[in-house]
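Participant: Residue numbering for the sequence shown follows this note's numbering, beginning at 414 and increasing consecutively.
It should be emphasised that the hints constitute simulated quantities derived from the structure, not laboratory data.
Check before you lean on any hint, since a few could be wrong.
Stated by the list, open to error - Subject to a maximum C-alpha distance of 25 Å in a straight line, what follows is the list of computed DSS-like cross-link-like pairs (lysine-lysine): (1) Lys606 x Lys532; (2) Lys686 x Lys698; (3) Lys1038 x Lys532; (4) Lys532 x Lys806; (5) Lys532 x Lys824; (6) Lys834 x Lys862; (7) Lys881 x Lys862; (8) Lys1026 x Lys824; (9) Lys698 x Lys806; (10) Lys686 x Lys670; (11) Lys799 x Lys824; (12) Lys721 x Lys692; (13) Lys736 x Lys806; (14) Lys532 x Lys670; (15) Lys799 x Lys532; (16) Lys721 x Lys588; (17) Lys824 x Lys834; (18) Lys692 x Lys670; (19) Lys721 x Lys698; (20) Lys698 x Lys588.
As the list claims (entries may be wrong) - Label pairs and their computed distance ranges (CB to CB): (21) His697 x Pro443: 46 to 54 Å; (22) Asp805 x Gly599: 32 to 40 Å; (23) Ala763 x Ser667: 56 to 64 Å; (24) Gln631 x Ser1163: 48 to 56 Å; (25) Glu1081 x Gly1207: 12 to 20 Å; (26) Glu798 x Asn487: 40 to 48 Å; (27) Gln591 x Glu696: 19 to 27 Å; (28) Val869 x Ala797: 35 to 43 Å.
Each residue gets a CB set at the ideal place from its N, CA and C atoms; glycine is no exception.
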Amino acid sequence: GVGGHIATFASAAWLYETGFNHFFKGKESPDADGSGDQLYIQGHASPGIYARAFLDGRLNETHLDNFRQEAGGNGLPSYPHPRRLPWLWEFPTVSMGLGPLSAIYQARFNRYLTNRGIKDVSASHVWAFLGDGEMDEPESTAALALAAREELDNLTFVINCNLQRLDGPVRANFKIVQELEAQFRGAGWNVVKTLWGTAWDELFQLDTTGALVRRLRQVPDAQIQTYQTRDAAYIRQDFFGADPALVEMAKLLSDDKILECFHLSRGGHEARKVFAAYKAAVEHKGAPTVILAQTVKGHTLGPGFASKNANHQMKKLSVDEFKAMRDLLELPISDSAFADGQVPYGHPGADSPEVRYLQERRAALGGPAPARRVHPLAPLPAPAEKAFTSFDKGSGSQNVATTMAFVRLVKDLVRDKETGKRWVPIVPDEARTFGMESLFPSLGIYSPKGQTYEPVDRDQLMYYKEAKNGQILNEGITEAGSMADFIAASTAYATHGEAMIPFYIFYSMFGWQRTADQMWQLGDQLGRGFLVGATAGRTTLTGEGLQHADGHSPVIAATNPAALTYDPAFAYEVAAIVKEGLRRMYGEAAPGEDRDVFYYLTVYNEPMPQPAKPAVPGIDEGIVKGLYRFNTAESAGVTVPANAPRIQLLGSGTAIHWALDAQRMLAEEWGVAADVWSATSWSELRRDAMDADAALLRGEERVPFVRRALQGAEGPVLAVSDYMRQVPDQIAQWVDQDWSSLGADGFGLSDTRAAARRHFGVDAESIVVAALAQLARRGGVKATAVKEAREKYGL
């Protein structure tokens, strides 16, 4: 087998066992209403969770044989991955740091559901099991103040303080427990510590001068780790020898007693102490609780594992090491079980007292855990068709940005009597930038305290309104927190049996680039909803510059298998994509269609005339699949000579307006006919084409949609977007016509839109020159046309 990290669970076994046997409510708990508790299991502890599931009958030896070997079926993923083992794992917790952040916002979203009257989940408790080294991740502590501020006493962090991270000590020259205690107390959390085991009680009773406590505070963590591997003589000299009072104390202690204390006895390894800590946590009101449990990494695995710096990389026990652990733990495994030189699976039998106890305790607490259950939910009714078709007529002479169109669509959808309450608008303190402030008074901003002050703009129509049952999650300047909100809302269909429809709107540059790890987590957790990258494009956000100008979010989004990425150009396209997303994720999905996806839409802040939806064949399919012909040179009303050379211009997002300008210029100034296509999704076109390639290898004939759509289109193809050329170039290999592309590669800059587009070579004039160059290579226009055009336009 591949093996796994076993030292982590060895240190945390009693932390989990105490919870499984006495605290963690299952989905069938009478007071949990199908929700149960939410468990965020430390990723590296997964082998122990699988071992327990093996004992209680949920996994068999075939599963264990295939630990970390999933390709052949019946395999077990390395860590908590719901997408790979959706009936067991509920929450992915790697990469490290995502678990604590997600747990806080899950506990917060539980309160949101309760306060909004969606579902009373006040009986649910969120438990997050974390490593002390993991707490160095910025996400681990980013939301501590939020949890305290909102009094999330439905949340408990259990930090396994085994003093080791992956390579060595967490705080070699310092003390991690004291550091974490200060950090959490300062943030307003209730702190419970269980550090030293019962064997230490005798020593503390002998410590009449306080010398022992002082010495324990002095010794850095790395030296404590060293004591865990040294003999009694070393400990007598180095630890006790530092203080005359301790020298006298040591004279009263046997070597066995010293070794028991320093090698084995930790609060996190004793069920009674852990039970007391958990009981204190769940009974505490008014603040979240953190339990700091000191343990030994590799506990009970023998001297070759315990406290060794390299034990994170030690993934298997030898036969001799396993026998030593068997003897220490008094496991009923005979020597004959090792006859073939392999370490056997240890199982006392389905009817053994141990297994019956495990099963009885889980039955009493409401069923197995961890467990993920997708409740049988009826499809949500589709919103009124008018909400979508109202965009089909266009905006006439009024200039409307697609961001404004999206916000207007949301306003209509949240008014829907059937599904309006299920929308969860999420915004990281940019609502006014996106024109969403009109939602403040109508929906309210969620605040568990309500509004205890009079807002400065109370006399205005669109005043800043907070409410306990508010619908908007306005998180302040935290994209990571907003994404954690989105994950909790997008998976509520499974966690709580409530289908919620989150949409999270953000500066497109600060979404995927900043929180792509959480978006990968979202895909792993099978989340559903709408991510909206506003103020999109490299050249559209006037004056903001290098760190704001997004030219690549669709590139990053295309790497996520669960993300359906769209770059709509027009308001009616935005409406059609949202309508399709609601059907696929929440309505009547087609047979074999994957519902566990999420949508990413880029929308722009550049007001432009929104055209009416053209009456062209296949437009609805084209919008969803990624490409349709918006117009031809003839239908656009431009005059071109008979037998004029022709080119196909493919544009997405705001770039289609440059293509339309270029279409007119090519006809009027160069006698070239250009047809304009709207490419709503380059990445969906690519996925469809890749599926067609895979089908061909299976002996099936299927033509990629992009090839079918462009079949018969005359002339070369020139693609343009407000992103890197890599975005449209995704589909180049499946286009039969000669291909070329333009894009905004490189760092963004501060300037006007016109100047930025000229700088990157994507404006209408640049498109005209590129089109003439393609045609000149084919002999469609005279060779000098390119030079003439460059001189004419000052390029």
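Participant: Each of the hints needs a verdict: does it hold here or not?
Facilitator: The hints, checked one at a time:
{"no.": "1", "hint": "Lys606 x Lys532", "verdict": "violated, 34 Å"}
{"no.": "2", "hint": "Lys686 x Lys698", "verdict": "holds, 20 Å"}
{"no.": "3", "hint": "Lys1038 x Lys532", "verdict": "violated, 36 Å"}
{"no.": "4", "hint": "Lys532 x Lys806", "verdict": "violated, 39 Å"}
{"no.": "5", "hint": "Lys532 x Lys824", "verdict": "holds, 23 Å"}
{"no.": "6", "hint": "Lys834 x Lys862", "verdict": "holds, 20 Å"}
{"no.": "7", "hint": "Lys881 x Lys862", "verdict": "holds, 6 Å"}
{"no.": "8", "hint": "Lys1026 x Lys824", "verdict": "holds, 21 Å"}
{"no.": "9", "hint": "Lys698 x Lys806", "verdict": "violated, 55 Å"}
{"no.": "10", "hint": "Lys686 x Lys670", "verdict": "holds, 20 Å"}
{"no.": "11", "hint": "Lys799 x Lys824", "verdict": "holds, 13 Å"}
{"no.": "12", "hint": "Lys721 x Lys692", "verdict": "violated, 32 Å"}
{"no.": "13", "hint": "Lys736 x Lys806", "verdict": "violated, 77 Å"}
{"no.": "14", "hint": "Lys532 x Lys670", "verdict": "violated, 54 Å"}
{"no.": "15", "hint": "Lys799 x Lys532", "verdict": "violated, 29 Å"}
{"no.": "16", "hint": "Lys721 x Lys588", "verdict": "holds, 18 Å"}
{"no.": "17", "hint": "Lys824 x Lys834", "verdict": "holds, 12 Å"}
{"no.": "18", "hint": "Lys692 x Lys670", "verdict": "violated, 30 Å"}
{"no.": "19", "hint": "Lys721 x Lys698", "verdict": "violated, 39 Å"}
{"no.": "20", "hint": "Lys698 x Lys588", "verdict": "violated, 29 Å"}
{"no.": "21", "hint": "His697 x Pro443: 46 to 54 Å", "verdict": "violated, 23 Å"}
{"no.": "22", "hint": "Asp805 x Gly599: 32 to 40 Å", "verdict": "violated, 56 Å"}
{"no.": "23", "hint": "Ala763 x Ser667: 56 to 64 Å", "verdict": "violated, 42 Å"}
{"no.": "24", "hint": "Gln631 x Ser1163: 48 to 56 Å", "verdict": "holds, 55 Å"}
{"no.": "25", "hint": "Glu1081 x Gly1207: 12 to 20 Å", "verdict": "holds, 18 Å"}
{"no.": "26", "hint": "Glu798 x Asn487: 40 to 48 Å", "verdict": "holds, 46 Å"}
{"no.": "27", "hint": "Gln591 x Glu696: 19 to 27 Å", "verdict": "holds, 25 Å"}
{"no.": "28", "hint": "Val869 x Ala797: 35 to 43 Å", "verdict": "holds, 37 Å"}
Checked against the numbered hints listed earlier, the structure breaks hints 1, 3, 4, 9, 12, 13, 14, 15, 18, 19, 20, 21, 22, 23; every other hint is satisfied.
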